[in-house]
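Here the protein sequences line up with chains D and L, keeping their order. Each residue of the first sequence is one higher than the one before, counting from 1 in full-length UniProt numbering. Each residue of the second sequence is one higher than the one before, counting from 1 in full-length UniProt numbering.
Simulated from the structure, these hints should not be mistaken for lab results. Please note that a few of the clues may not be correct.
Since the list gives no way to pick out one identical chain from another, each pair is judged satisfied if it fits inside one copy or across any two copies.
Within a straight-line C-alpha distance of at most 20 Å, the following computed SDA-like cross-link-like pairs (lysine to any residue) qualify [as the list claims (entries may be wrong)]:
{"#": "1", "residue 1": "Lys-239", "residue 2": "His-136"}
{"#": "2", "residue 1": "Lys-70", "residue 2": "Trp-222"}
{"#": "3", "residue 1": "Lys-101", "residue 2": "Asp-120"}
{"#": "4", "residue 1": "Lys-216", "residue 2": "Gln-66"}
{"#": "5", "residue 1": "Lys-239", "residue 2": "Pro-90"}
{"#": "6", "residue 1": "Lys-216", "residue 2": "Leu-71"}
{"#": "7", "residue 1": "Lys-70", "residue 2": "Ile-180"}
{"#": "8", "residue 1": "Lys-70", "residue 2": "Gly-134"}
{"#": "9", "residue 1": "Lys-70", "residue 2": "His-99"}
{"#": "10", "residue 1": "Lys-70", "residue 2": "Asp-143"}
{"#": "11", "residue 1": "Lys-239", "residue 2": "Asp-204"}
{"#": "12", "residue 1": "Lys-70", "residue 2": "Asp-36"}
{"#": "13", "residue 1": "Lys-101", "residue 2": "Arg-209"}
Number of protein chains: 2
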Amino acid sequence: MSVETIRVSEIFGPTIQGEGALIGLPTVFVRTGGCDYRCSWCDSLYAVDSAFRDQWLPMSVEAIWQEVTKLSGGNPLTVSLSGGNPAIQPLRPLIELGHSKGYRFALETQGSVAQNWFRDLDVLVLSPKPPSSGMHTDWDQVDNCVRLSAGGPEIALKVVIFDDVDYAFAREVGQRYPYIPLYLQPGNHTPPPSEDEDARIDIDGVMDRMHWLVDKVTVDRWFAPRVLPQLHVLLWGNKRGV
Amino acid sequence: MSVETIRVSEIFGPTIQGEGALIGLPTVFVRTGGCDYRCSWCDSLYAVDSAFRDQWLPMSVEAIWQEVTKLSGGNPLTVSLSGGNPAIQPLRPLIELGHSKGYRFALETQGSVAQNWFRDLDVLVLSPKPPSSGMHTDWDQVDNCVRLSAGGPEIALKVVIFDDVDYAFAREVGQRYPYIPLYLQPGNHTPPPSEDEDARIDIDGVMDRMHWLVDKVTVDRWFAPRVLPQLHVLLWGNKRGV
Numbered sequence: 001m002s003v004e005t006i007r008v009s010e011i012f013g014p015t016i017q018g019e020g021a022l023i024g025l026p027t028v029f030v031r032t033g034g035c036d037y038r039c040s041w042c043d044s045l046y047a048v049d050s051a052f053r054d055q056w057l058p059m060s061v062e063a064i065w066q067e068v069t070k071l072s073g074g075n076p077l078t079v080s081l082s083g084g085n086p087a088i089q090p091l092r093p094l095i096e097l098g099h100s101k102g103y104r105f106a107l108e109t110q111g112s113v114a115q116n117w118f119r120d121l122d123v124l125v126l127s128p129k130p131p132s133s134g135m136h137t138d139w140d141q142v143d144n145c146v147r148l149s150a151g152g153p154e155i156a157l158k159v160v161i162f163d164d165v166d167y168a169f170a171r172e173v174g175q176r177y178p179y180i181p182l183y184l185q186p187g188n189h190t191p192p193p194s195e196d197e198d199a200r201i202d203i204d205g206v207m208d209r210m211h212w213l214v215d216k217v218t219v220d221r222w223f224a225p226r227v228l229p230q231l232h233v234l235l236w237g238n239k240r241g242v
Numbered sequence: 001m002s003v004e005t006i007r008v009s010e011i012f013g014p015t016i017q018g019e020g021a022l023i024g025l026p027t028v029f030v031r032t033g034g035c036d037y038r039c040s041w042c043d044s045l046y047a048v049d050s051a052f053r054d055q056w057l058p059m060s061v062e063a064i065w066q067e068v069t070k071l072s073g074g075n076p077l078t079v080s081l082s083g084g085n086p087a088i089q090p091l092r093p094l095i096e097l098g099h100s101k102g103y104r105f106a107l108e109t110q111g112s113v114a115q116n117w118f119r120d121l122d123v124l125v126l127s128p129k130p131p132s133s134g135m136h137t138d139w140d141q142v143d144n145c146v147r148l149s150a151g152g153p154e155i156a157l158k159v160v161i162f163d164d165v166d167y168a169f170a171r172e173v174g175q176r177y178p179y180i181p182l183y184l185q186p187g188n189h190t191p192p193p194s195e196d197e198d199a200r201i202d203i204d205g206v207m208d209r210m211h212w213l214v215d216k217v218t219v220d221r222w223f224a225p226r227v228l229p230q231l232h233v234l235l236w237g238n239k240r241g242v
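Please model the complete structure; the sequences and the hints are all you need to start from.
Have a look at this one:
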């Protein structure tokens, strides 16, 4: 039995993964609380901003697993570990327990903290944050994440793009890691205020930015990355728990 | 130089692949003319119905390749071979030529005709048609397609779902081929009349059917398949050439 607890913002699902390499795949999400970043356009501040800290429950591995098992009816599926930055939580025992039950684990992180248990994951999505976030990427750490995953999980990169500067950043990411599948995702310009998940979402704007990004890669004849929207935003707006 | 010509309905792109295993990937489409099926809800009748036969150009491999090269600026990418049923065309020489230039080839077919050149593909998507299509699947032929691809392309299954009967069909497909990745796609209830690609598309209906399908798999705890919409329909309606 593991002694360390994990700070959990929410556990929900099953629903489909809305983004990136696993888009469309039924998933239970374990969203951890706390982040070493504070992106200007963060769409899950409730799991990042320490003002929401009292909403993050310190849970044992066993308690988390009980919830995942209940939600999935005990049928193995892919558990997505998100945040916040899930890489700052002690997740190894959770992954071990889940694997013993036949579940799979995907983790998404900005790549600022590398853990040797990344190797135990099934899928690792590294999502370095572009300039519009206001954050600075430590490439040595991203390199460490890649290195620590060698021989382990399927690995993918995802870059969120709000503008031309972000797009140039994404091109650099593609050049730096030519052998890692890269996913480009237009930014959500209308994330919900933290206190109102039902706030109107600008679907036309989301579509416009997909068109813009598809045009960019096709005009530039940059054919390596995939361009995908946030499918869950199209389907459910900014609603939480889906 | 190949002597046989290929019947081509249209060549367009680059745009992103809107469906299934390669969703989001920049692609040039080579859509062949002619089909051994006639699905009730076909969304590309102009490449299927022999009434449109005079619009299908018999093209040499070299002429097709010239067009693909022009559209892609000579930058290798994935060429999607679609139709109609591209499996009834003599595509081996086209694939050989493209491979020699560093391009990749994905082909989508209902699985009614198996070709030994399937092994030369990079991606094979088998899309057996559900009962709502009015077509009958010959499983021996689908098995042949799988068998002929062994050791060759990445293979995936895609099933379009309009109703509960189609959904039951998809479950059977999943049981028959448990080791092949399966993609579920809600049907397009408002395909365009062949003569009017700008006809209104029912985006709310598309979204409603995505919700319905996500609910089905999550309630049934069927966690293996991915559920994806036709992204190009969301982005461009039924417009052709995108």
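How the hints compare with the structure:
{"no.": "1", "hint": "Lys-239 to His-136", "in the structure": "neither (29 Å within a copy, 41 Å between copies)"}
{"no.": "2", "hint": "Lys-70 to Trp-222", "in the structure": "between (44 Å within a copy, 15 Å between copies)"}
{"no.": "3", "hint": "Lys-101 to Asp-120", "in the structure": "within (14 Å within a copy, 38 Å between copies)"}
{"no.": "4", "hint": "Lys-216 to Gln-66", "in the structure": "neither (45 Å within a copy, 23 Å between copies)"}
{"no.": "5", "hint": "Lys-239 to Pro-90", "in the structure": "neither (28 Å within a copy, 49 Å between copies)"}
{"no.": "6", "hint": "Lys-216 to Leu-71", "in the structure": "between (40 Å within a copy, 15 Å between copies)"}
{"no.": "7", "hint": "Lys-70 to Ile-180", "in the structure": "neither (35 Å within a copy, 28 Å between copies)"}
{"no.": "8", "hint": "Lys-70 to Gly-134", "in the structure": "neither (39 Å within a copy, 40 Å between copies)"}
{"no.": "9", "hint": "Lys-70 to His-99", "in the structure": "within (16 Å within a copy, 49 Å between copies)"}
{"no.": "10", "hint": "Lys-70 to Asp-143", "in the structure": "neither (37 Å within a copy, 37 Å between copies)"}
{"no.": "11", "hint": "Lys-239 to Asp-204", "in the structure": "both (17 Å within a copy, 17 Å between copies)"}
{"no.": "12", "hint": "Lys-70 to Asp-36", "in the structure": "neither (31 Å within a copy, 47 Å between copies)"}
{"no.": "13", "hint": "Lys-101 to Arg-209", "in the structure": "neither (41 Å within a copy, 32 Å between copies)"}
In the structure shown, a violation is registered for the earlier hints numbered 1, 4, 5, 7, 8, 10, 12, 13, in ascending order.
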